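**Q** Now for the letters of each chain:
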Amino acid sequence: MKLWERLATIDRRILYLLLALAVVLPLIIRPRTRIQVSEPVQDAFTAVDQLPPGSVVMISVDFDPSSAPEVQPMLIAILRHCFKKDLKVIVTGHLALGLPLAEIALSQVPAEYGKVYGRDFVNIGYRPGYVAVMVGIGRELRDFFKTDYKGVPIDSYPFMRSVHTYRDIGLLVDLAHGATADAWIQYAGGRYNVKIIVGCTGVNAPNLFQYYHAHQIAGIIGGLQGAAEYESLVGKPGSATLGMPAQSAAHALVIVFLIIGNIGFLLARRRKGG
Amino acid sequence: MLQRNIPLVIVFVTALLLIVAFFIPHRPFGDLESRFLNWYAIVAGFTFLLGIDSLARHHLIRVFRRTQGWFYSLMLVLALFVTLGLGLYSWVRFRSPFALHAPFMWLYTYMIIPLQSTMFATLAFFIVSAAYRAFRVRNFAATLLLIAACLVMIGNVPLGGSVWSALIQFLPLPVKWGIWFGAKLLAIAMPDPRTADFVRFDLPAAFKTWLMSIPQAAAGRGINIGLALGGIAMSLRIILGIERTYLAS
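Top line first, the protein sequences correspond to chains A and L. End of the first sequence sits at 281 in our numbering; the numbers just go up one at a time, nothing left out. End of the second sequence sits at 231 in our numbering; the numbers just go up one at a time, nothing left out.
Hint data in this document are derived by calculation from the structure and do not stem from the laboratory. What you are looking at is a predicted structure, and each value in this text was computed from that prediction instead of being measured. Be aware that one or more of the hints could be misleading.
Here are the simulated distance ranges between beta carbons [claimed, not checked]:
no.	chain 1	residue 1	chain 2	residue 2	range
1	A	37	L	-1	44 to 52 Å
2	A	222	L	226	36 to 44 Å
3	A	198	L	-4	12 to 20 Å
Far from chain A, by Cβ distances over 12 Å, these chain L residues were calculated [to be verified]:
no.	residue
4	-15
5	2
6	26
7	39
8	48
9	52
10	53
11	58
12	60
13	71
14	94
15	97
16	141
17	156
18	187
19	218
Which residues of chain A face chain L? A few of them, derived with a C-beta cut under 10 Å, are [to be verified]:
no.	residue
20	22
21	174
22	262
Ideal placement from N, C-alpha and C gives every residue a C-beta, glycine not left out.
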């Protein structure tokens, strides 16, 4: 087999092995990474940062373990930011499998800032029929969430007594891996003018730029890179920052393969054509 | 006849009420909307039961008939009922399935998280293999797509900026000035926050941001407007009883 044919047909097991090495080695070596904050992430950060202390932030956890490596660091970084700013946090979700991830984050972050369940944050849980829930909160939160996820009435928590509709929520944060971000923007943002920022997987981020430039959302945290940028803004690097060298190496490897494959392809085509 | 017409009337009247409630959110329409939303959430909850029934029935039949792959069906049914059982037990014992020490959370942390993460992570290998085999510069459109993909990939990671910074050191001064001047001109031509990366001279990030913000967002808008118009047209067809495929035949 000629060299150019070999270049165009590298065995997929070699590709798999090299990709595995490209991901694993940076995680072991942990090289330093320079995180440059992009405009959409900076805007998302500013949206949280500008809220006065005591404002209510509703975080919707709409991702499950498949997207957790990308989106969970965003949840942790945003929770840190909120608690650092003395904001009140309401956690909800539209994926039944996502809420345990919220619970894992809530078991870790509030303690770092001395925050207490019920006084500083509440997890109101999950209700089926997300479109109805999103529209319904605009009329009265209690129509859908009379109790928190433990079955305790939400009115037994002092700060929750004054939260009824989106008017009482300073910022809505949707952490999504699917269509719920569009639904929040269309139903909560479009109809009730609630300020929204969205954190999502890298695959979903491009779909949100149209909303961002139309000022329908205040910011986007896209993928692991977005999460790393938010972590750097909060000043506490976490798993996203740790994962960036691995992602960089994987992206570089894909580009190298694409170049090699195409050189082989073009050389083979020229030979055939000749 | 009646079986067909009654659902059509219900759909028409409900849709009409919801449209009126959207424009007149006061009594009695506003309250009606709240009620309908509650009903929607309750019906959505019951669809889970329907789903569990359908899934369990389908796989139990496969197990009892010993059809090909029946063992996987058995695993699925067992996993379904073990999860349900542990969830109910945790709910009774710990007041919530999500209590960190509850058995449900153990199952979630040590079974669901690794399994789902593994499934999603393996996609990376298939994507790399598929991209290497299929991403070829066969024609002009494919070449454009390839270049755009490479720019987004390199601009989306810190490595892009670092490589660019290193590269720029080795370029001859006139070339460096040329690039700097071009970047400044671009930033002046497009006075927008989106061109901030051009000003910062971080070209990989600048090209990525430009691609995402202008051509990609334009295409996305077109698709979304099309989808919305299609949704409105389909809704009108359902409301007016022209589209009846949702009714049982």
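**Q** If a hint holds in the structure, say so; if it doesn't, say that too.
**A** Here is what the structure says about each hint:
| no. | hint | in the structure |
| --- | --- | --- |
| 1 | A:37 - L:-1: 44 to 52 Å | violated (60 Å) |
| 2 | A:222 - L:226: 36 to 44 Å | holds (40 Å) |
| 3 | A:198 - L:-4: 12 to 20 Å | holds (19 Å) |
| 4 | -15 | holds (26 Å) |
| 5 | 2 | holds (15 Å) |
| 6 | 26 | violated (3 Å) |
| 7 | 39 | holds (21 Å) |
| 8 | 48 | holds (31 Å) |
| 9 | 52 | holds (26 Å) |
| 10 | 53 | holds (25 Å) |
| 11 | 58 | holds (16 Å) |
| 12 | 60 | holds (19 Å) |
| 13 | 71 | holds (16 Å) |
| 14 | 94 | violated (6 Å) |
| 15 | 97 | violated (8 Å) |
| 16 | 141 | violated (3 Å) |
| 17 | 156 | holds (27 Å) |
| 18 | 187 | violated (6 Å) |
| 19 | 218 | holds (18 Å) |
| 20 | 22 | holds (5 Å) |
| 21 | 174 | violated (13 Å) |
| 22 | 262 | holds (5 Å) |
Taken one by one, the earlier hints fail for this structure at numbers 1, 6, 14, 15, 16, 18, 21, listed in ascending order.
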